[in-house]
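*Asks:* Residue strings, one per chain:
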Amino acid sequence: MAEEMVVKPDIEFIKRIQSAGGESLKKCFQCATCSVVCNLSPDSRPFPRKEMIWASWGLKDQLVRDPDIWLCHFCGDCTAYCPRGAKPGEVLGAVRQVAIEHYSTPTFLAEMVNDPKYLLFLIAFPLILIGAAIHYFGNFSPEGPVVYSKMLKPWPYVDFIFLGAAAYAVAVFAKGVMAYWQDLNVNPWKVRLKENVWLAVAEVVKDILFHNRFRKCTTYFNRSTSHLLVFLGFVGLFIVTAWASSYEWIFHKESPYAITDPIKWLAIPSAISLLWGIWLVIRDRQNPPENAGPGSYFDWLLIWVIAAVAVTGALCLVLRWMGLATLAYPTYYLHLVSVFFLFFYAPYTKMAHMVYRATAMIYAKLAERE
Amino acid sequence: MTPNDRKILVIGGGMSGLTTALEAAESGAQVVIVERSPYLGGRVTQLNKYFPKLCPPTCGLEINFRRIKTNPDITFYTQAEVTQISGQEGNFDVTIKVKPRYVNDNCVACNKCAEVCPVERVNDFNYGLDKNKAAYLPFDMAFPLKYVIDDSVCLGSACAKCVEACTYNAIDLAMQPQTINVKVGAIALAGGWDLYDATKIDNLGFGTVKNVISNMQMERLASPNGPTEGRILRPSDGQEPKTVAFVQCAGSRDENHLPYCSYICCMASLKQVTYLREQDPEAKASIFYIDIRSPGRYEKFYWKVRDDENVQLIRGKVAKVTQEPGTDKVIVEAEDTVTGDKVRQTFDLVVLALGMVPATKAMKLPLNISYTEDGFVIPASLPPGVYAVGSLKSPLDVAKSVQEGTGAAIKCLQSLGGR
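Order-wise, the sequence lines are chains A and B. Per the working numbering, residue 1 is the first one in the first sequence, and the count goes up by one each step. Per the working numbering, residue 1001 is the first one in the second sequence, and the count goes up by one each step.
In short, the hints are calculated from the structure, not lab data. Remember, it's a predicted structure, so these values are computed and weren't measured experimentally. Honestly, I wouldn't trust all of these hints.
As the list claims (entries may be wrong) - Derived pair list, reagent style DSSO-like, types lysine-lysine, alpha-carbon separation capped at 27 Å:
(1) A:K253 with A:K264
(2) B:K1393 with A:K190
(3) A:K216 with A:K365
(4) B:K1342 with A:K365
(5) A:K27 with B:K1300
(6) B:K1097 with B:K1342
(7) A:K27 with B:K1361
(8) A:K216 with B:K1200
(9) A:K26 with B:K1342
(10) B:K1320 with A:K216
(11) B:K1242 with B:K1300
(12) A:K365 with B:K1320
(13) A:K26 with B:K1320
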């Protein structure tokens, strides 16, 4: 790094990183133990040592566009071996949070998501929206056996609300990713999008499906297992949702579906995977390895939202089987609210990592940065 | 004024303790030295050369030993430990436990006992690089020049081959531990240091990767009275190393190990580079460092080594040490923070620059005093009439130990005189 550069520290950014879990950032004395003990770090310009000094200097622009912050899976090996307790793993987590905020629109929503004092306000939005839909177009306590579509009809109400939320999230993500790619694809690893893009995408998809990179972690190896369970749960439930849509729109098959229906053979294992995975996440984070912290508000917000989705979803099924209508319908309402929260705020919460990390991983493949 | 008022106890017979004892005794005080090992001279005896003048240890120690021999005011106990201290400034009651040496003053160091001794022990003086016999002389210039029998491995009277072989009646396998009580007016604590246990650093390969040695083992290899008679040879096959890596801050300045800097390890590695380069003009050395600490006038020595074209300085801490598959070579990994790229280099020998642990980390003194988390004595917590010297307070070099020893002698004398 011989080129001359004028450092313009962004003091606010440094404070942000410190408050978002990287409070020990300034303890770093640049010994580079972290870059070497990291099993994911490439040989050429490895991370996270350089990120630590950039963060220390407040070089926000350089950090948010840095693909390496996403190549980090927070294995914790750097944090475990850091001689100064500077916690590079936590610092990079905090930088990712800032990067998500940086590439999301509108920024104030991202700021609200990162601030616990707005949490009730954020929950209130889907609570009122879905509550109003049920109030005006559905029924809070339908008669007869528990059939959730009696509470609010899938078409047009549920579909409209949720496809709307998803479309909004996709649009915000699209804008963010395009801006990110623009910032990302510069020297020293500028790549041209040619025929090998799809090959790179396929390889990244494979890496993600099997968590190939995540499973190279040593200190937090357990984290890769719980994350994989949550991830596979979501993949399964995504397929289930698409499947259910085909029942609704193409085959006009009414829910609820019988336990003998193949859709349930995927839905139930996926739900169990999600529940089990998120339970492991919560349990492991409560007993972090030595040197590591329990995680930030940003981490926990997503964990609790996913837990809420999983628990209310599973309860809906159980309560329906038990025929407890007075509990089943409110639970379904809460399930809709938590799913909406997950979808609608995805570009601002830690959920956004899936989009930016995948982008960075594809870029790294194309740039042969491994 | 009682005779006790003129007596000083010095715990530790290394460079700090010897200096304190000699300066005090030569100023008219009576001194008792209590040393844990079977010889005086401490860690300096294990060095090949020591700063600032790069003398061999005998150079400085021999004169001290002669001063002790000719001074009737100094009494010393080796293989001894202070087990109890009571009383206060001017009137301390001290209990000393002396372990049996099994060899008396008749010993002329003829080596007959070692020749017939059937039992081997790990040679702790050489940091485990070789073995010696259960009946042994710690090293050729040991003072007192008397053999020792290691009772942790000796077969005792059932064997007694040494007793038969000794023509001077110097061996007494029935020798018992002794308890000695002395009354002193002042006490100097000079317990010294131990080398950090490198096996605790799981990513630097010590004990698991062949040809990864400690800096003190390097001193023993380079030392003419060491296991290789002064030739630096790698332990696995006795080959002369052509490439040697020096890993600085191995466990030092690291809150997982020793959070402090041990002051002299950078200079020790630079010095060891000169051992290597003097032995083999073709040998190459690489020093991996966070920052080279060459305090005060040592800076010039650093420049000299830095300017050697066969010496490479890489700014980045080594965080991974592994065996090259199928060979006895060692792969060292670091990030060169100047270029920003990872370096993965293969070496014949890797030397870990390990830090100092105060002796009081493992063994607390029989005094009601406070220690830092790392085991260093906190001087402010010492009662009147008790003074700490040298590496018991913080890591330092020999020159500073000598200065501190002189200072402690003055303090002890003032304490005695003030009564």
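*Asks:* Each hint: holds or not?
*Replies:* A quick look at each hint next to the structure:
no., hint, result
1, A:K253 with A:K264, "holds (14 Å)"
2, B:K1393 with A:K190, "violated (55 Å)"
3, A:K216 with A:K365, "holds (17 Å)"
4, B:K1342 with A:K365, "holds (19 Å)"
5, A:K27 with B:K1300, "violated (30 Å)"
6, B:K1097 with B:K1342, "violated (54 Å)"
7, A:K27 with B:K1361, "holds (26 Å)"
8, A:K216 with B:K1200, "holds (23 Å)"
9, A:K26 with B:K1342, "holds (23 Å)"
10, B:K1320 with A:K216, "holds (16 Å)"
11, B:K1242 with B:K1300, "holds (26 Å)"
12, A:K365 with B:K1320, "holds (26 Å)"
13, A:K26 with B:K1320, "holds (24 Å)"
Comparing the model with each earlier hint shows violations of hints 2, 5, 6; every other hint is respected.
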